[in-house]
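S.K.: Working from the sequences, and respecting the hints, build out all of it.
Top to bottom, those sequences are chains A and B. With this note's numbering applied, the first sequence covers 4 to 115. With this note's numbering applied, the second sequence covers 5 to 116.
Read the hints as simulated data drawn from the structure, not as lab findings. Here a beta-carbon is modelled for each residue, glycine too, at the ideal position from N, C-alpha and C. All clues given are correct.
Okay, the calculated beta carbon distance ranges per label pair:
1) B/Ser45 <-> A/Val63: 19 to 25 Å
2) A/Leu115 <-> B/Pro69: 44 to 50 Å
3) B/Gly19 <-> A/Thr23: 45 to 51 Å
4) B/Asn34 <-> A/Thr57: 16 to 22 Å
5) A/Asn73 <-> B/Ser85: 33 to 39 Å
6) A/Asp41 <-> B/Ser85: 23 to 29 Å
Just so you have them, the derived chain B footprint on chain A, three or more residues with Cβ under 8 Å:
7) 41–51
8) 86–100
9) 103–110
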Amino acid sequence: NAGVTQTPKFQVLKTGQSMTLQCAQDMNHNSMYWYRQDPGMGLRLIYYSASEGTTDKGEVPNGYNVSRLNKREFSLRLESAAPSQTSVYFCASSGTSGDTQYFGPGTRLTVL
Amino acid sequence: LAKTTQPISMDSYEGQEVNITCSHNNIATNDYITWYQQFPSQGPRFIIQGYKTKVTNEVASLFIPADRKSSTLSLPRVSLSDTAVYYCLVGGYGGATNKLIFGTGTLLAVQP
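M.R.: See the structure below:
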């Protein structure tokens, strides 16, 4: 039982490049989340998925797209990366909205 | 959206009880209060969740007054390994409020 896994762990992009961050959970959770955490800051919600097939914007959705591929997987895509998107990205899941969230180990992204 | 306010930092010594208070003046009726702990380079980890009055588990207690506009996380007899950032999160249970907001976090530094 791996919990929440994220790939890659580290990534360096040039401005304008695109990439997809992958997240998977094996706890049969309905809800999944993407957060970003800037140095010395708290977590900010980017997008949220209450259940398979649904997504909703969080606090800072601009510049990102998401796909809830199935119940297990929730991906985050940067179409045209910008230096302002340099951050650590965390994926999380919970049984239902508001329930305890379980976090992945994070992806450290640097955009040059 | 139910925003939260916490002290930026707190200092303590090993063996002391630590109380961290979070303000959430515009908490909604169906919002729960959840606390997370985060160590450097790791995702947050669930500590405790409550709706009203007092909740206790093996690691902490959570005190919530009748008006629910604040909550206090109590850590008994802290050790050096409790040095971390603690986040207060207010959000709906069951999908009614899905835009979850993490507070700024409180950096607890425990000294020998």
